[in-house]
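**Student:** Each chain, written out:
Number of protein chains: 2
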Amino acid sequence: MTESVIQYLKDNRDQHLEALCNFLRIPSVSTDPLHRTDIRKAAQFVSDYLTEIGFDKVEIQDTPGHPLVYAEWLNAGPDAPTVLVYGHYDVQPADPLELWETEPFEPTLRNNRLYARGSSDDKGQVFMHLAVFKAFMKTDGQLPINVKVCIEGEEEIGSEHLHQQLANKKEQFKADFAVISDSGMVANDQPTILYGLKGFTGVEFTVNGPDNDLHSGLYGGAVRNPLMALAHILASMKDQNEVIQIQHFYDDVEPLTEQERTLMAQVPIEDYSVTTGVTSTVSEQSYTAAEHTMGRPTLEVNGMFGGYQGEGTKTIIPASATAKITCRLVPGQDPNKIQDYLVDHIKQHLPSGVTVSIKREPISAKAYKVDPDHPLIKQAADSYSKAFGRDVVYVRMGGSIPVVESIDHIFNIPVVLLGFGTPDDRLHSPNESFPLSSFDQGMVTLVDFYASLG
Amino acid sequence: MTESVIQYLKDNRDQHLEALCNFLRIPSVSTDPLHRTDIRKAAQFVSDYLTEIGFDKVEIQDTPGHPLVYAEWLNAGPDAPTVLVYGHYDVQPADPLELWETEPFEPTLRNNRLYARGSSDDKGQVFMHLAVFKAFMKTDGQLPINVKVCIEGEEEIGSEHLHQQLANKKEQFKADFAVISDSGMVANDQPTILYGLKGFTGVEFTVNGPDNDLHSGLYGGAVRNPLMALAHILASMKDQNEVIQIQHFYDDVEPLTEQERTLMAQVPIEDYSVTTGVTSTVSEQSYTAAEHTMGRPTLEVNGMFGGYQGEGTKTIIPASATAKITCRLVPGQDPNKIQDYLVDHIKQHLPSGVTVSIKREPISAKAYKVDPDHPLIKQAADSYSKAFGRDVVYVRMGGSIPVVESIDHIFNIPVVLLGFGTPDDRLHSPNESFPLSSFDQGMVTLVDFYASLG
Chain A
1 MTESVIQYLK
11 DNRDQHLEAL
21 CNFLRIPSVS
31 TDPLHRTDIR
41 KAAQFVSDYL
51 TEIGFDKVEI
61 QDTPGHPLVY
71 AEWLNAGPDA
81 PTVLVYGHYD
91 VQPADPLELW
101 ETEPFEPTLR
111 NNRLYARGSS
121 DDKGQVFMHL
131 AVFKAFMKTD
141 GQLPINVKVC
151 IEGEEEIGSE
161 HLHQQLANKK
171 EQFKADFAVI
181 SDSGMVANDQ
191 PTILYGLKGF
201 TGVEFTVNGP
211 DNDLHSGLYG
221 GAVRNPLMAL
231 AHILASMKDQ
241 NEVIQIQHFY
251 DDVEPLTEQE
261 RTLMAQVPIE
271 DYSVTTGVTS
281 TVSEQSYTAA
291 EHTMGRPTLE
301 VNGMFGGYQG
311 EGTKTIIPAS
321 ATAKITCRLV
331 PGQDPNKIQD
341 YLVDHIKQHL
351 PSGVTVSIKR
361 EPISAKAYKV
371 DPDHPLIKQA
381 ADSYSKAFGR
391 DVVYVRMGGS
401 IPVVESIDHI
411 FNIPVVLLGF
421 GTPDDRLHSP
431 NESFPLSSFD
441 QGMVTLVDFY
451 ASLG
Chain B
1 MTESVIQYLK
11 DNRDQHLEAL
21 CNFLRIPSVS
31 TDPLHRTDIR
41 KAAQFVSDYL
51 TEIGFDKVEI
61 QDTPGHPLVY
71 AEWLNAGPDA
81 PTVLVYGHYD
91 VQPADPLELW
101 ETEPFEPTLR
111 NNRLYARGSS
121 DDKGQVFMHL
131 AVFKAFMKTD
141 GQLPINVKVC
151 IEGEEEIGSE
161 HLHQQLANKK
171 EQFKADFAVI
181 SDSGMVANDQ
191 PTILYGLKGF
201 TGVEFTVNGP
211 DNDLHSGLYG
221 GAVRNPLMAL
231 AHILASMKDQ
241 NEVIQIQHFY
251 DDVEPLTEQE
261 RTLMAQVPIE
271 DYSVTTGVTS
281 TVSEQSYTAA
291 EHTMGRPTLE
301 VNGMFGGYQG
311 EGTKTIIPAS
321 ATAKITCRLV
331 PGQDPNKIQD
341 YLVDHIKQHL
351 PSGVTVSIKR
361 EPISAKAYKV
371 DPDHPLIKQA
381 ADSYSKAFGR
391 DVVYVRMGGS
401 IPVVESIDHI
411 FNIPVVLLGF
421 GTPDDRLHSP
431 NESFPLSSFD
441 QGMVTLVDFY
451 ASLG
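Protein chains in written order, with my numbering: chain A, 1 to 454; chain B, 1 to 454.
Certain hints may be false.
Because identical chains share one entry, a pair is satisfied inside a single copy or across any pair of copies.
Claimed, not checked - With a Cα cut of at most 30 angstroms, we get these calculated DSS-like pairs of lysine-lysine:
| no. | residue 1 | residue 2 |
| --- | --- | --- |
| 1 | LYS347 | LYS386 |
| 2 | LYS369 | LYS314 |
| 3 | LYS369 | LYS347 |
| 4 | LYS138 | LYS10 |
| 5 | LYS314 | LYS337 |
| 6 | LYS369 | LYS138 |
| 7 | LYS369 | LYS170 |
| 8 | LYS138 | LYS378 |
| 9 | LYS10 | LYS169 |
| 10 | LYS359 | LYS347 |
| 11 | LYS359 | LYS314 |
I should point out that these hints are in silico values taken from the structure, not numbers from a laboratory. From a predicted model like this one, the values you see are computed outputs, not experimental measurements.
Bound-form chain A, shown alone (with noise of 0.2 angstroms):
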């Protein structure tokens, strides 16, 4: 049965590839308000595609920003699974523009990879689904399973309104499980299966000193130099071995099993000398890169300011002095105790003559986790590997993708993170690019999965 759809695939894939570019040649940019216009053309876009495709109940959903397209398919019978698949047809700006090749918004190929904004992130996996189902339709008149399409318009920008919108109709969105194409492989062609991410959270704090900068010859000695002061705090937060000193932290941290840290040493170690430029890295201790970073909490000093910052000197004890804090935290813990955890630190660590602020981070995220040995997952991974070739490697990510958040609140089902996804990729910057064996192969990946389930 697969054989017809694939073969379909391929019998059509300049078809395909020329719809794929039209949606590309739209600069669906849904951080500028100037592209108001273009964002709804993606929108419809979408909305047209599966309208043609044979999808029921197709909607361009207003929301306080931008819309989101919902569509349903559910004629596979009551014995089917429901998925729900989500992605997302807004873009980042393209700017620097004079660093582009080619045009962001006029779709080329090159090294069998298709070059333009959006190429990866996410249209072109997005409009992967699309075919498959347009592929399953022409060649068997239907769909393998029950099919719900969740395509919104402010990714790039938060996804704001998309757990509101989620919660808000949550007996129409609701699904067996969710699959997500908006990730990647750790290697071209090495296919990954993503199936944990990290919870957040953060503070902001300022330790406030005298009223005005003052002369550091007159007052120093007398009056406590809130920078000090700031970085005293902070080193007392994490140790050189990069233990975190927090009390609690690791309290309810869920301690990586034996399995996780076999799976996490078959995945392929990053180049860190080429993707960051550092010759050595940092963990942990007793903790592997990789598995610090995806399986560790950790604590990021992300910015920190105070005093003179020009050029040459300026000889003053600041007034004040700030830093920006963010952890990213794993299952077990709860990010609102985190936060408790961080400002109590900082209260207890406070010297004599300062004081300090504290903002809190208003976003924080649970950590998610799906059981990599879950049936699905096992499915996925069986998929993934017959269309390319190779086993599969599981990972978890140092990251947060808020939908998955959402879902897992709202819904509380698994999520399928099927990312085809390479890491040159060039995601958020200029010549952004989708390799084409990703499109072609990913598809085969999609038609299998959802084959299987029905």
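Fit chain B to the given chain A structure using the hints.
**Tutor:** Quick look at chain B alone, frame taken from chain A:
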């Protein structure tokens, strides 16, 4: 003999104040090229005044920057000592103009103070010497000692060309001791002898990590964070008891003698909550704030920056982090050695996974101190005390005055710092003023002091 001189000053007070006002009306702002002509006018005012009094060899000496005024009167005979009187005719800019209650360059008398930019720093204090010399000449037909005058025009912009000028014309400027009135009293009408200044050195260093800012979710746990590394290095430099932890830092410090600790205990204590808004002070363990600010070395972070500084959150591991550090040194400490110790400390405390680049502060200076028991200091204190009717306090200052370092270095002569400013003078700020009591009693002090040396 001094009585008639003092009487002359009393009788001609209005005339002297009017002459000072003419001096203050010239907006000789040294940092602003638009005031080039005013700079020259102010130099001309000083040289005209000295000529009129009867000084010889009055010169406006050009430098690569603003000119300085030199004059001499050497007819007191070969047995009389020669004093070098230093001051400056340039002033700080008057901005922000809207905060001045009366025009900065239209001197106004109110509350027994003369309001104008430069009234205290330093035209008012320079003029007191000029008026005193005039009074001696008008009364006695001569000065009690030999006098060389050096009034520069670049003090407010760092005395950039002064050192070279003094070194080039060493023979011309050479004297037995120097007198400078460009500082202040610790309280209104509280005679204050400044007998020591701190030295100075510093470094700026940048901790370099990845080539670019990295996604803290993807790289947290593998890549050392330069901001956290910077915090660790800074925190290692000074403990929470304000004791500097740089190896060898205190090795050559000349300890405070019991005599000095007694002198420092007599200095009226600054109300830091009023002057700085800080309600609790901190000082080096075992030393008071007075002892630490005046007589113990300090290390201060003057500025620090790295990563994201805008509103909200940006989850990055930044590429680099920078700190600016300066130290104030006491007698015995060699600024070059201290700079080496700082560099060594930074390198030794650099964690793995990052590199550091260090800029050495180009301006370093040794501390300056004259023995408070030196006969010239005792004589100055005696004159000061008689004129103001109160015992003198002896202070050392945490700041540096470049000209003192130059005079010490080139001529190796004692410098008598006889300042008549007060804490309320608002130097460098809107509504600068100078109390008439300082003007009157200060001139009496100078008459008595010069006469006593004749």
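**Student:** Run the structure past the numbered hints and jot down the numbers of the failing ones, going up.
**Tutor:** 1, 3, 6, 9
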